Structure formats: C-alpha cells, structure tokens
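For the protein sequence lines, the chains are V and D, in the order given. The first sequence begins at 1088 in the numbering used here and counts up one residue at a time. The second sequence begins at 11 in the numbering used here and counts up one residue at a time.
Keep in mind that a hint or two might mislead.
For the chain V half of the interface with chain D, some residues (derived, Cβ under 8 Å), not all of them [unchecked claim]:
#1 Ser-1106
#2 His-1264
#3 Leu-1271
Since the hints were derived computationally from the structure, they do not count as laboratory data. Since the structure is predicted, the reported quantities are computational estimates derived from the model, not experimental observations. Beta carbons are placed, not taken as given, at the ideal position from N, Cα and C, and that holds for glycine.
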Amino acid sequence: MSGQLDIVAQNVLWNRLISVCEEQANALMRAAFGAIVREAGDLSAGVFDAHGDMLAQAVTGTPGHVNTMAASVRAMLEIVPLESLGVGDALVTNDPWLGAGHVFDFVVVTPAFLNGKIVGYLASTSHIVDVGGRGWSAESSSVFEEGVVIPVMHLRRGTVLNDDMLRIVTTNSRVPHEAQGDILSLLACNDTGVARLLDLMGEYELSDLTEVADFIFERSALGTKKALSRAPQGIYENVMLLDGYDAPIELHAKMVIGEGRIDVDLTGSSPAVNRGINCPLNYSAAYAAFGIRALLTPDIPNNQASLNAIRVVSEPGLVVSAERPSPVTARHVIGQALPDLMLGCLEQALPGEVLAESSGALWTLSLSGAGRRQFTSLNVALGGMGARPSLDGLSTTAFPSGVGAVPVEAAEVAAPLIYHSKEFAPDTGGAGTYRGGLAQRMEVGSSIGEALKLSAAAFERLTTGPAGRQGGSNGAEGRVSITDGTVIRDKGIYEIPAGERLILQTPGGGGFGDPAKRDRAAVAQDLSHGLITADAAKTIYQSDDTNS
Amino acid sequence: MFRLAIDIGGTFTDVVAETPAGMSSVKVLTTPHAPEQGALDGVERLLDALSLSYGDITAVIHGTTLATNALIERRGAKTAFVTTAGFRDVLEMRYEKRFDQYALDIQMPEPLVPRPLRFGLNERVLADGSVLVAPQDEDIEQLAERLKAENIEAVALGFLHSYRNASHEIYVAEKLRTLLGDAVTICQSAEVAGEIREYERFSTVCANAYVRPVMARYLQQLQAQLQDRGFGGSLLMMLSGGGLTTLEQAVRFPIRLLESGPAGGVALAAHVAREVGSRKTLSLDIGGTTAKICFIENGLPKTTRRFEVARAWRDVKGSGLPVRIPTVELVEIGAGGGSIASIDALGRLKVGPKSAGSDPGPAAYGRGGEDATITDSHLTVGNISADGFAGGMITLAPDRAPAAIAKHVQEPMGIESVELAAAGIIELADETMANAARVHGVELGLDVASFDLLVSGGGGALHAARIAEKLGIRRIIVPQNAGVGSAVGFLRSPVAFESVISIISRLDDIDTQALTERIHQQLESVRSIVEKAVQSDRITTAIKAELRYQGQGLELFLDLPEGGEFAAGLSELETRFQARYEAMVGFKLKNIPIELVSVSVSAREALQPKPATDQQQNRTSEEIQTRNIYDLKAKQFLTYSVAERTALDDSIFDGPAVVSEAQTTTLVRPDWTVHRSALGHLVLERSVA
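Input sequences plus hints: build the corresponding full structure.
Written out as structure tokens, the structure reads:
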C-alpha cells in the first residue's frame, strides 16, 4: 500500500486538507454578521471522510466548536440516510444537542461527490445573531422559549434551496436578513471547500480519501498517545464551586489517565437548573477536551483520532449534561469552567506544571434599551488569565475562550452607550511568584439619558475568585453594581435607571507560586505601573521598597 | 542627469544609478550608528565609477528599514501617550484575546509607552462627534509639567472618536506645543491614522511618535550631507504603500516608511508586469529565510491598511504592534533557501519556518551548518550545480547536502533514496507556498489560475514551475536582473500619497453635499503633497469607497468618479456593491442596508514611460549540455538540457531544461517551454493542458 513516494504525498495532502478548512473559515469569518461573532471567530470549518470521521479542522474557531462539530456530522448522517443524498445537497440543523450546544449555532454539512460516490463531507458552524425566543439571556425555563429549532433537514436539494426552512428562520428572527445571510454563507463556504477537495483529489489522482485518512489517523493517534504519556497514569478528582444562577453549583470530575487515553466522568456535578446556564454534554466535552489538549497535546491537529483519545461522559440530566428541554442559551457559563476543572485534575498528575485558574466564562455584556429607543448591544468584558508556571497570567484576556472585546468606539457607534472608563483594576491579579492576569473595571451608561436593561446571565465568579496554584493566591472575584446602589449577585435581568451607570469589575487570574519569591524587579515594576498597591507590595510580596 | 536609489537594509546598503547608458549599482555594508555614512560612501563609489558628480543627480529616492528596526529593537524616543481619561490601558489591553488558542505560554508585546507614561486627560467626544466634555487649560498645563518632569521627547495624542471630531486633539496639541516648545515632537492620532477602532489608531500614533525624532534627525542629516556635496535635486522617500513622498511628509509620518524595502521589490515586479503586458500577476519573491507573495492587477500592487510590526512571540501573526498605514499587501511564508527540513512529533515531514539563514547556512555551505535545508535539497536532486552558486560568492560542498538529508529526513522516515527525500522536501515547500497563494487569493476574491507568476529572489525561478502547476497557472515570468532587488523598484515607483476618511454611515443616510466637499478638500490636500515633487499635469487622483452590508465584516473597495460625476457615482454604489459581493461570495443579500465605511483618496504621479531597454547581448549558442535531475513523479533522474540565459532568444526552447545565470537558476520542467523576450525577461509557458 503505502509506497515511499506516498509519504511525501500524504504529508502534502494533510497540509492541503487543513488549508481547505482555513480557506472556508476565513471566508466565513469575514462574511459573518454581528461584531461579537467576528471578534470571536465564533465559527468553525472541517473536512470529513466518507464515514463522517473528521480529517482536519481550521485552527481558527472557538474550542466549543472543536469536538461538537466532529460529533454533529455523524449524528446528522444517522438521521438522513446516505442513499438519499445527491450532488448539491446540503444538510442543516441548530439543534443544541446535535450542534454546538445552543440554538444560535447552525451547522451545515455538504457531501462531496466524485464519480457518483460520496468521498467526503465539508462542514461548517457559525453563530447566528438572533433566532427568536427570548434572545440572549438565561431567563428561559426551557429550550422551547430560546428560539426556533430546525431539526436536521436539507438546506439544499441539488440546486434547489430550501426556502421553506429559510422562511421559518427569518420569520422567527429579530434580524431576519442577517440570519439568512449567515446561513447562506455556511452553504457557500462548504461549496468552495467541496471544489477544493475535488481539485486536490484530481491533482493526486485519488478516487477516495481512505489512504490519506489512514495516514492522518495513524500519525495523530500515535502522537497523541506519546504526548499523553507525559502524565502519570492514575485517577484524579477535582471539585469546583460556581455561583450558579442564584444558588451555588458544584462541578465534579473524575479523570482516569490510562495508556494513551484519558477518560473523564462528570457524574457528581449538580443537577440541571431551570435557567439557561445548563450545558449539553457535547459542549461540556468540547471544552473539557480543550483544557486537556492545550496542556498535553497542543501541537497535534484536531481530527477524529486525536479527539478519540479523550472521552467525556456523565450521568444525564446534570448541569454539565443537560437534556432536552433544559434551557441552554448561556451554556458557556458552565462549559468554559471545564478546562479549569480538568487542569485541577492534571495538577495532581503533573504538580507544578499547570497554570492557575483563569476568570473562566466570558462575561457577556448584554445591554438593551429600556426607554423609548430600542436597541441591543452585545460585548464581552474579559478578566485575567491564570499565572503560568514560569510566566505571569495575561491581563484582561479570555481563557479558555478565544473571544476578544469589541472596541469601545465600535460599540458606541453601534448603540447609544457611553463607556466612561475601561482600565486595569489594581490588586486583582492573584499574587504569586508569577502574578495572575489583571481584571478590568468598566463603567457604562446610556448616551441618551434613557434606562437600560441588563442580562447578568454570564457574570460568574462573583463569590470566589479563580484559585491560585503552588502557593499562589486566588485572583480577585468579580463585582457588579449599579450607581444607584444595587449590587448584582445573581444572573437575572436588571434595569439601570436613566442617569445611572453600570460598574463592572471582572475576576482576576489566579497566582502561581509563593508571592514572597517573586522577582523583586517585577514587584517594583508592578508597583510603579500601578498594577499592585503599595500595601500589597508590602504585605503580600513582602517588599521593603514601596517608595517608587 | 540621472536618478539614484538608496536602499538601506539591516546588513547591506544598495545604491543604484539609472543613467542613459543603463543601470549601475554598488553594495556596501550598512553603518547602523550613522546610516547616512554607509549610504554616502556607496553613492561616492558609484559616482566615481561612472565619472559623475552630485550635481548631476536629479533625484535621490530612498528607502530604509531604520524605522522598523527602531521599533523592533526599541530604540525610539522617550514617548508619552495622552488619551481620554479612563482609557490609558487601551494600548496594553490590545484585542484582549490570545493569538494562539493552544499555546499556553504566549506573550504579548510590551507597549511602546509604559503605563506610568500614559496619561488620561479629562475630555470626551461621543460617537456622533458631539462634545461631552471639553479639555480644560488647567489640566493641560498640569499635564505639561508632568511631561517636562519626565523629560519626554515625543507625545502621542489619541482621544476616543477623534476620527470623527479631531478638535480636541488639535487643541491639546497646540497648547502642548506652546508649553513644551519645539524640541518635543507631538503627533495626533486622527492625523496619523484617522480611522475608527481605538486600539489600532492609538498604536499607530504611538509608533509614529516613537520613531519620529530618530527618523527626523537621520533624514535631515542625510539631506544636509547630500546638499553639502553639491546635490541640488529632490530627495524622495519610498513608502510602504508603494509610492514615493517628499522628505517633509516622511518626517511627519515616518511610520509610513516601515515596509519600504519590500514595497520596492513589489514595485519592480509591477513594473516588469507592465512591461510584458501582464494584467494579472502573482509576484513571488523567494529569499533565504522567507518567501513573499503579492497580487498585482493591471500593474498596480494590492494594498491594505492593516499591518503589524515587531512581532514579539515566535514571529506569530497577532503578536506584533498593529499600525494602520497604506502598505503593499504582502503575505510572508516561512519558506526560503535556508529553511530547515525536519520530522515533527507526529513523524511528519516539515519544512521551515526555522531557517539556517546565511550563517551557518545550509549544510552544503560547509560553514558548520548541520541541518538539511531547501538549498541542500536542490543540490541533491541536481536542480543547482555546486559551482557558480550565488554568482560564485559561495562555493558549495556537494557531499554535505545529501549527507544532511539522509541523516535528518531519509533515514528517520525510511525513505528509499536520498534523492526522493530531497525531492519530497522541495515538493512540500512548493505546496506551502502554493497554499499561501491560494488562501490569500480566496481572501481577495481572485481566481489565482488566471494569473501569471512573476518570480524573483535567489530561489524564485527554481520553484516557479511546480508552484504554477499546483495553482493552474500557465505563464511564468523571470525578470532580467531578478536579484538586484528593491532599489531598482524605487526608481520605478510613482510619487504618491493616500489619506483615509472614516465615515460609517448607511448609504441612504449620507449627506452627499457635505461628503463631496469633505472628499474634495482631502483630495486637494493629498494632491498638494504630491505637487511638491511632480508637475501638476502628471498627477492622477483616485477616490475609493469602502463598503459593506451593515453589521458585516466583509468590506469591498469600489472606485468613485471625481469632480462633477461624484454624486452620480455615489448613487450607483449600491448596485455595484451588490454585483461585486455576489461575484465574490456567490449570493447577494436583500433588504440589508449598505454602509459606507470609509473613503480613501490618493494622488499619484502618472506611471512612468518605459525606460531605455538594456542592450541585447545575443551570444551564439554553444553546444547544448545536459544535467540529470531527479523527478518526484517519475521517481528517477530525467535528462534536462542546460542553457545560459544569455544564449536564449525569442525562439521557443522546450523543457525539461535549466537556464542558468549568475544569481539564479530557472527550472523549466517537462511540459513547459521557455524563451527570452525582447526586454530580456524569461517567459515560461505551459505546453500541455
């Protein structure tokens, strides 16, 4: 089978498949509606073999789409019989349990035909701005209130677009044309991907992808196995406490590191709640796997084999494995806590090699008009990343999410808001030999003197800050208040009266190592830069030189 | 009377003179501490050789990497940043996201201005340009005292929404100028890069302020020294965007000089494209460490306003400082002659981005380099011969190359022969470069297969044919003197200046009259800059509108007519945008308003007429020699004919063949033909479908 020449060709083909996905993802990113989606790169693109196994995926894209997409292609092919697919057909769904965990994410899958036979599939996912329901908040008590759900169906049959399906979406969406534009972009980018895939098969005179798939899976499996062997085999458990909607939620993990694979069981976590911060297991698994892979196998590309090495299971019906009809809009509140939960297990396996806890879930800043002028504005407020074993944590930078903030100028052009300030908050990075990343303090109000409505759904870690490691201190917990004296402690809906402002302070990253061992020059610089106060320098870092 | 170009790079300074008799050049070492010395030394040597004097020079055209180096090495002025109170950390917060998802040890670049030197001033302009809080004189006076106490050399001013209403920046700048005196440089963000998005604008103004004192001193020094020696012509500077500007503008906006070297290279490619009548050209420059690609349409290189300088973490995209300046749109790929082939953790063959550079260089250089590089692979398969490499400057040790490939690639991967391993390395490098061109082409909405491939650099002509095959390209151009580089490009560049106005308004909301007025004012201003160096009847101007569907990020550029037809042009924008969008994306959207994001106006010197052609030096054909070259597809050696470039003429020569010359080797693969055009450029054409 594999001749010598094939090794070179296989290498070339693997690179090309990744490049096909990159092209798809780039095209999608630029065509996406909604600033937050573009900033986020909240999308993904991948190429699959004839069995529905993922061969390659674009490196752009959020961790939440990584594994979910690999699973959703299979799930969709189980629902639609293979024989019924023809040239030009494309399938679509936004079912949270088949796609990426909430109704906003649409997945489109397009088969690639060569000589009348399916040789592979192209898939892409992206976040659609609005699909009806209550919009972006955690207030729904079931998924039925969260927007329109499209079961797996044809988006296109041959050359005929499924206008009925598009009309259902556009009829239910607050921004119908944008929603339609985004869905059509998924279709168009898959078409480009199919053409590229067939080009490369032509160039290398391939009639199927079996040989290249074998090569990719074999190399990835071997590489993953080798990389995982760095962590000693054993059973490691970790528990994390989150604020929850209005009552604490416990996340529990039992991680079994075995020979070339890691099994995670989330059983023991709190049961699902009746507000939209629940997470379907597919999305939990995606983020759990991301945390493990970022630490142990960062250089191995995403594909079926590299993902197969990490299995995440749970008893159903928990906050990490919510079942229909649990509400799931803000599922990232739970999902994005999972990497830290995993890293806590790995810290026991590899003490001293694991970064401290980060601020976790993105603080989605969802503001809308509560006065005469109607508008909605979505942004994110980022906290600090945990300190690394030999580096400070990154300040105001999301981890595990890859999402960035919308620029203040762009946010103010898009909605009648004034950001009055946005600055580092001193003493919020957990103290340590390596300091946790700093949080930020922001003040936001209306620019037209009207009341605002706020969804606090994603303001997590208001009770306990992210934990430090190896003697490092916790990062500061987040704080949210309104200038009228209201202090926000749950994830509900709040009104900011006319003339008042919202004050946000995100959580800081945890510190790493004993603060007394921090490099003195680094302490002095933090002090002169105003990142720590003179008091902290003296009492926590035990620095005598607090004059600068 | 003649023109002279000076290109100061990190290692070498090139000086090129274009006299009626042709091009002459000299290469000297760069003198980093006083770069003008090396340059003047080179000029003097060239003048001596040509028996000409400074008085004979009509124009000196200069490009330099000095501003870039000052940013990379952090050797700029002590700079303060003054911004809207509450926002002094914008510069350090950046995009607030990681540029690599999986690398947990990434680091962000230190901001050019440290936190203690970033000051918030109580003032605020809103998104619609209205004033919420006006700056107070008392605050400015206090600030000036702080700046004096810190011995600040340069002040960057950047207030929120100044792209919409710059009055606060202007007012504070004037006040500070009075309070601080002329010795302190003051730069305003709306003037340097008047575009929305505070981080990029602030980053650009800080970079400009940071390099301006250094660059101003240097440029004025160079001019004075040239004049002392009798030079009476004009000194023009090469810009990142591919045009030339006056010294006065260069001193105000030195940040626009950043990429002048690469821009010169692209300018030369664009010139050759015009000469050979190539309307769609993909320029590929393969050097020792990297390859650069740029798309050229109708003889004009694609430009962008997004650029990143001084990458701080493993040269990864996103780890540098963003600057919003007009720049020739180059995509850089970590693959060049010195790129190292290795086996990664998955047992995959990998080429680059690590490079052996020129020291120790490829294994075949015999200077202690142990790694298997692309150059070693070319030597092993027979694409290049051991003698005469790089014009005879480097003698290759032929046995070291296969030994390195055997050790690092062939044996670990269990490949049957060293030639096959070498051919595999080259194939992978070709694939990497072709992929980059393909992805970039998609981004720009271009059909790469319909382009000609124009190659330069030492390795361009070796890789061209295979890359063209991968991209479906059917014509390749290997310019005469492909190795002489950027300096010649300077001589082929028009004087030009571009300026951008941020608008962000729905097309149906635009006050046409006010916009027309604003654009024509701006047009006059860029025109007057170009007029300092070019006769007004030789200036052309252009207006480009940047449009998108409201809420979307895919921005398209469309040309707008000038003068009386401007308003009519504006009214046609919607239809034209829809058509372009559909051509690019595959469908168009109904009922979504279209937004005018910005308008850029530019003035440029009309493209120069063709220069005198080099004299043809037709030699009689010597007897045809042959060389064996290993072929990856055939898995065996094939016989290639060998021809000297000078021996070719306009008759068609069939591949497989190699065409050799001092600086490079052109590989004419099977199914390709080659001939030499009247202007001396090699043209390769694919002979089969």
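Indices of hints not satisfied (ascending): Hints that this structure does not satisfy do not exist here, as all of them hold.
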